[in-house]
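> Here is how the chains run, residue by residue.
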Amino acid sequence: MDSATLAVTSLSFGYGPTPVLRGLDLVFEPGLVHGIVGPNGCGKSTLLGLLAGHLPPGRGNAALDGVPSREYPASRLARRLALVEQQPASDFPFTVFETVLMGRHPHIPRFARPRAKDLDIAEKSLAIMDLGHLRDRVLADLSGGERQRAMVARGLAQDTPALLLDEPTASMDIRHALKTMSELGRLAREKGRTVIAVLHDLNLAARFCDRITMLAQGAAHASGSVEQTLTPANIEAVFRVRAGVLDTETGPAVIYAQELP
Amino acid sequence: MTAVSRATAISILACSLAGLVILAAGMGFIPVSPGEVAAVLTDRLREAAATVDPLKASVVMDVRLPRILCALLVGFGLAVSGAVFQGLLLNPLADPFTLGVSSGAAFGAALSLLLGLAFAGPATLPLMAFIGATATLLAVIAMSGRDGELNPANLILAGVIVSAILSAGLSFIKYLADERVSVIVFWLMGSFTARTWTDAALAACAVLPGFLACLFFARDLNVMGLGTRSAKSLGVDAGRVRLFLLVTASLMSAVCVAVSGVIGFVGLIIPHLMRLVIGPDNRWLLPASGLGGAILLLSADTLTRAVLPQEVPIGVLTALIGGPVFCHLFARSRRTRRG
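In the order they appear, the protein sequences are chains H and E. So the first sequence is numbered by the numbering used here: it starts at 1 and just counts up by one. So the second sequence is numbered by the numbering used here: it starts at 1001 and just counts up by one.
Since the hints were made in silico from the structure, they are not lab data. Every value quoted in this text rests on a predicted model; they were computed, and no experiment measured them. Any given hint could turn out to be false.
[Stated by the list, open to error] Output of the computed footprint for chain H on chain E, the stretches with three or more beta carbons under 8 Å from beta carbons of chain H:
id : stretch
1  : 1171-1185
2  : 1194-1208
3  : 1229-1241
[To be verified] When the alpha-carbon atoms are kept at most 25 Å apart in a straight line, the in silico SDA-like pairs for lysine to any residue are as follows:
id : chain 1 : residue 1 : chain 2 : residue 2
4  : H       : LYS117    : E       : GLU1047
5  : H       : LYS117    : H       : ASP130
6  : H       : LYS179    : H       : ARG110
7  : H       : LYS117    : E       : ASP1178
8  : H       : LYS117    : E       : ILE1184
9  : H       : LYS117    : E       : ALA1007
10 : H       : LYS117    : E       : ARG1283
11 : H       : LYS124    : E       : PHE1216
12 : H       : LYS179    : H       : GLU167
13 : H       : LYS117    : E       : PHE1216
14 : H       : LYS117    : E       : ARG1006
15 : H       : LYS191    : H       : GLY66
A virtual CB, placed ideally from N, CA and C, is assigned to each residue, including glycine.
Start from the sequences and build out the full structure, keeping to the hints where you can.
This is the structure:
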């Protein structure tokens, strides 16, 4: 599988007159897990939407391998880049397996039946997310965390060089959150995927991300390795929370002390 | 449900429909046995000399068959477009008339009845109904399509508003119509009385290509059920597909309404019923809904034409026949899900 490099250059965007992103310059290289952290409403999901070509940039551009995401035909982009959303909802009683198999949609020609390879990838994605026993259950009947695992499995099944995830572990239990993040790390290391994940849990970010971008009010406050970015000073400036970063034997751990007025 | 059992379910529906057509063609004031009906049909197909009493042949071919085909095609079209609307609007309560197509058609038809329009001969009424429906659709799309996304919530809201305005207009027309109000009311309730081959051909020209067009996008419709953004990241151009399917399904139901009047229930309940039987996958759901809708409307029309002593409005009968079946299946599916 070939690699994908995503980049934004002097990217600005606003919903109506409200600016959300102001002149971002970032590069997301292949083979790494890129974490995006920041307070609510700082433009994290908007950034993913722009990278995935769902939103038109106000100024600047968001590009995949040097070509603006908006200029790809939808079906071609879907074979290069997958986006796992925060709150997917379906009122129709599709089963977990059917939903995960939809991840293969861009790879299966119209009117063709899924090939053995498609079914195989879908089964593997189910297994990775521990969904084997739920495969024939209706998605809407599952708990929030289980639904989210199915959505991540669908993203994995899409099998693209670039994988964008919006708070993939928000409603998962600790075990599955760790499992999801390890799998993302494995995909980046072993298969050279470009993984970009919006995360709220700074400890998960510290442990599994190779690069972290801290967004504050639509601008990159800090960007770089975990040591460079997740410092008490940065956390205080971005989140307005006093925090300590401890060096433990399992890696860096962020301890929150108290919120600032 | 596996592909094999879904294929079986579809063939059972198709065979039941074929059997029902033969049966319905034999029922009525002059009874014709199923064997004779089959003989009439095969004679016509082979263009062979008639082997059946010419009176019976004429009753079957010229009187009953056009009406049967109309009922079948309208049922098929309404149920398919109902399934498409539910998928498009991500709303299980949607039906072919959610966007105001029926109110538009009713308004157009009532206007033509009130003013006694006859510029296109007997085709004036269906033509006015069709124009009303299409104009309504265009208005709804223009209202909700500003951002180029045709957001489902905006579409539904625009449809409800336009429908409300048109219903008020319709009430006003009824108020003005005095003694002609009964004609308007009866047309609105829908009927297949005295439909001709022209009506059947018209319905076929809209329903069959429309159905194929919807089937072409059936898998995209499945993916769009995950939400617009997810659909986009799976390579479905959600805005364009939505516009295309919306126009196709609306035109299909507009022609159905023009042919038969406003027949509710079929487009709402049949897709639900079929989803319980065959699952939510639109590649199977669309054909199954079409066949189910055809069976329901044809049964109801045959009942009112040949069994009941007097013609009962078809919309009333479809609800009376289909409702209990739906209740039964719905209750059963709730039980098995819990169990």
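> Now tell me if each hint is right for this structure.
Status of the hints after comparison with the structure:
Counting residues of the stretch 1171-1185 of chain E whose CB falls under 8 Å from any CB of chain H gives 0; the rule of at least 3 is not met. For a cut-off of 8 Å, the count of residues in the stretch 1194-1208 of chain E with a CB near a CB of chain H stands at 0, and the three-residue condition is violated. For the stretch 1229-1241 of chain E, the stated coverage by chain H is satisfied: 8 residues place a CB nearer than 8 Å to a CB of that chain, which reaches the threshold of 3. In summary, the hint linking H:LYS117 to E:GLU1047 is not supported, as the alpha carbons are separated by about 52 Å, beyond the 25 Å threshold.
Restraint check for H:LYS117 and H:ASP130: satisfied, since their Cα atoms lie roughly 20 Å apart, inside the 25 Å limit. For the hint pairing H:LYS179 with H:ARG110, the CA-to-CA distance comes to about 34 Å; that exceeds 25 Å, so the pair is violated. Restraint check for H:LYS117 and E:ASP1178: the C-alpha separation of about 69 Å exceeds 25 Å, so the hint is violated. As the CA atoms of H:LYS117 and E:ILE1184 are separated by approximately 59 Å, the hinted pair breaks the 25 Å bound.
With a C-alpha separation of about 24 Å, the suggested pairing of H:LYS117 with E:ALA1007 holds against the 25 Å cut-off. Restraint check for H:LYS117 and E:ARG1283: the C-alpha separation of about 21 Å stays at or below 25 Å, so the hint holds. Pair hint H:LYS124 plus E:PHE1216 does not hold up; C-alpha atoms about 29 Å apart against a cutoff of 25 Å. Proposed proximity of H:LYS179 and H:GLU167 is supported: the alpha carbons are some 14 Å apart, at most 25 Å.
In summary, the hint linking H:LYS117 to E:PHE1216 is supported, as the alpha carbons are separated by about 24 Å, within the 25 Å threshold. With a C-alpha separation of about 23 Å, the suggested pairing of H:LYS117 with E:ARG1006 holds against the 25 Å cut-off. Annotation: proposed proximity of H:LYS191 to H:GLY66 holds, straight-line Cα distance about 21 Å (limit 25 Å).
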